[in-house]
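Trainee: Each chain, letter by letter, is given below.
Protein chains: 2
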Amino acid sequence: MNLHGKHLIAGQALAAQAPSFTGVVAASGQPLAPGFSEATAEEVDQALTAAAAAAEEFARTGRKHRSDFLQRIAAEIEALGEPLLARAHEETGLPLARLTGERARTCGQLRLFAEVVREGSWMEARIDPALPERKPLPRPDIRRLLQPLGPVVVFGASNFPLAFSVAGGDTASALATGNPVVVKGHPAHPGTSEMVAVAINRAAAAAKLPPGVFSLLQGKSPETSLRLVRHPLAEAVGFTGSHTAGRALFDAAAQRPRPIPVSAEMSSLNPVFVLAGALAERGPALAEELKNSFTLGVGQFCTKPGLVFGVKSPAWEAFAAAVGGLAQKVAAGVMLHPGIAAGFQRGVAGVSGVEWLAQGTAPVARVTSEVFRARPELAHEIFGPFTLLVTAKDEADLAALARALDGQLTATLQGNAADLAAAGGLVALLEKHSGRLIVNGWPTGVEVCPAMHHGGPYPATSDSRFTSVGTAALERFVRPICYQNFPEDLLPVPLRNRNTLGILRLVNGQFTRDDVT
Amino acid sequence: MNLHGKHLIAGQALAAQAPSFTGVVAASGQPLAPGFSEATAEEVDQALTAAAAAAEEFARTGRKHRSDFLQRIAAEIEALGEPLLARAHEETGLPLARLTGERARTCGQLRLFAEVVREGSWMEARIDPALPERKPLPRPDIRRLLQPLGPVVVFGASNFPLAFSVAGGDTASALATGNPVVVKGHPAHPGTSEMVAVAINRAAAAAKLPPGVFSLLQGKSPETSLRLVRHPLAEAVGFTGSHTAGRALFDAAAQRPRPIPVSAEMSSLNPVFVLAGALAERGPALAEELKNSFTLGVGQFCTKPGLVFGVKSPAWEAFAAAVGGLAQKVAAGVMLHPGIAAGFQRGVAGVSGVEWLAQGTAPVARVTSEVFRARPELAHEIFGPFTLLVTAKDEADLAALARALDGQLTATLQGNAADLAAAGGLVALLEKHSGRLIVNGWPTGVEVCPAMHHGGPYPATSDSRFTSVGTAALERFVRPICYQNFPEDLLPVPLRNRNTLGILRLVNGQFTRDDVT
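Chains as they are written, first to last, in the working numbering: chain V, 1 to 517; chain P, 1 to 517.
Keep in mind that the hints were calculated from the coordinates and are not lab data. Some hints here could point you the wrong way.
Identical chains blur together in the list; that is why a pair holds if it fits in one copy or across any two.
Cross-link-like lysine-lysine pairs, in silico, DSBU-like; alpha carbons within 30 Å at most [unchecked claim]:
(1) K64 <-> K432
(2) K6 <-> K432
(3) K135 <-> K220
(4) K432 <-> K208
(5) K64 <-> K393
(6) K6 <-> K208
(7) K220 <-> K64
(8) K432 <-> K135
(9) K135 <-> K208
(10) K208 <-> K64
(11) K432 <-> K312
(12) K329 <-> K6
(13) K432 <-> K329
(14) K220 <-> K432
(15) K6 <-> K312
(16) K220 <-> K329
(17) K220 <-> K312
In this text the structure is predicted, and so the values were computed from the model without any measurement.
Take the sequences, apply the hints, and build the full model.
Mentor: Dropping the structure here:
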């Protein structure tokens, strides 16, 4: 596949500006052909205008049609074959094995959402039939269905060039629920973005959908991103990335004359609490597992454990020493982008007044709880293979540390049976600050399934009520519409008396798949 | 019941400041004893600190306990008897019959939510059991449940002193889902607010709940409202009222260091489209019904039809004349507050360059579509018994008017069978801008039921994905928490293998009430 370096606006390869940036080989910083252009204000407008024009037709596609479209996107991505993985490997430095897995996850996610769309119960059809005899007033017939919001602006993330990028979870969620998508590609992997966008366009054409259903804009200027969020035709935003960028988009969306919802997944330290019994029973194994988790993917996961809490004890000392020893031996990894590598170096260089347990490619530091409390900058995410151990004085001090946490995507407990039997209080504290609690596992590795919640109190995400992973991610881009006293023919099909789709509906407050009689 | 005029902070009657305002007789503006004090910054802090302290215990109350609490609130409100209605009547001017109905709605809503809480499926329990043999990687056990957000700040609305005030839909939604509530009472009915707050406190004491679960603060300064929204312990906001006030609260919440979600229901014109067949078949009846709807409750409903569209024709002329004639004869009503009455007069006085069809207590104006487009101020809500007819040139012009609408709570079609058979395109346009579509009915009158959606695109509400009426209103104040690899004993009861609650759960992507085996 020859890369053209242009935007893909409603199926057309266009670029008004001259190329101004390229992808680079992650390992070396060496530029990769072709050049890519910054999207202009007019191109932003073109993409969103086309998306808005496609919105109504796309919203009305039947479930089989839309489900087939998602399946087709997965097939077209797979049909790109090895060249996609090769380009992604060059641009991100991620190993081919990892990218193969990420492609499987991306396509698996599209297929899972396709299944959810085909099944149809996600629309939450609700029917309260008329009660003409009710006193003092009759009740009209009232029916409700989730419907798409309209054009969704999606920002590709650097650390998952497939699964959280052009055809990642945000795009899949928005398309599954009938919303056109305008993706702003991440400038660290523009070639990968273009290839995946071509696959989506092929699928849209095969499904005979209006081409405005999908556009990809390239660019690296924050102004382009803000322009997309501020565009009057944008209806929602999906983002995964840094707190700084996410907050800027959130603020821009909130300050619009007509604010729009932002689903931003931003920043998490993913604290791990290592309890005494676990330390005693399997301290060395835990040290190994922690090292594996915080260095997985060169530490470039939003779920990387960046804070590890334990109570001062000989076992904790041994654990700390073991983590340091293992981390010291970690081989250098290639980070996603020279800029990210430089940011990591700066972040680690800024950590001072700590005890260094390892200082190689995977640095590990330790502080006492007093120092940790006195230096709030230690509780800011450093993106990359770094973790900080915090030594609590006693159990009460450990609980106080849990209580003072910022919002997190995850929190983890390592404990033996006795630890866990006594951990109810700690769990309650961690529930307050976290979206996902893990026992005797590690936060890296996020399942795509109905029960997953990948979200958490701010700053982990901009709205803790929504997830960006799992089938519940669809809920972000829909709103209910209520139909009162509608004649059967004018009702959306899922709300008609005969439940021809066989979906689960809430009728008179009871869940049923029966027809309304 | 003797009113003390103080705040009710975690069960205590307190007021640091001297009284600075009173309720007034709505009809006359005459002050009503006692005086009420503005809540101080310290009192705001006290209430939210107590709420936060109560949050964990309240979140853990079992479903029966919490359900009984809601039932008890309803019973305690009813036990206040006639004095509550008498005070509300004095403070708001609303007729006793209306207030009796509103009390029934308020208590019915509490009891409906109590039933939903007792049934338990609202928690959306999801379970994806472990797949230890899965390749390439095993799946851990993942379970997910909706949990409360924490302290919710609720603002009482002027126009429903019971159903959207201290124990109204926002409070009921928040308490039902296990969130402590701090209400800022509306200054137009402080006595009514105090009485209902006492009822809630009695119910909390009877249920042996921590007193911080509910507080009422009085005040009329916007600064007090902003202080509540900005308080670090506030986790969410519920508001019904004007666009100006709602937007100010939304902005304050979005600008916090840690933004919190705001559910604000603000402004809606509730357009009505009167189609040709309906005009021909029942023009006079429609004129009567429109007059009844826009003057119901002296036009003080968020669902008041404030815009009526029709195509130029002799029948439309006759309809307009009939509406004007009927409106001219409407008797003067008492508005909620002298300030609201004055605001209505100012709003109507600002309407110029229109044809007046009625100019009495229920003014009706008319403009052509050209004038309507040229003067965007005509599409701003005037709170009170006023409506504006807009004459379209033809069907295409009518569609163009529908297309250009702002976000609305409701949109209504009046049509005969032939009109409706051809109305698919118009429905599609109205879906884009509205939360509830009504055929051959009127928007005033909002059912409290599972299928109701009382929300809509901005400026109707701050987030179109949520409703403030109906059982789905509970969704505003909860967030999912995911439990990964938890031992059975440490899991919340609704997520354990044995479905002892008998709730509907999503297990392996299938809805079931079965145990997990």
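Trainee: Identify every previously stated hint that the structure contradicts and give their numbers, smallest first.
Mentor: 2, 3, 5, 7, 8, 9, 12, 13, 14, 15, 16 and 17
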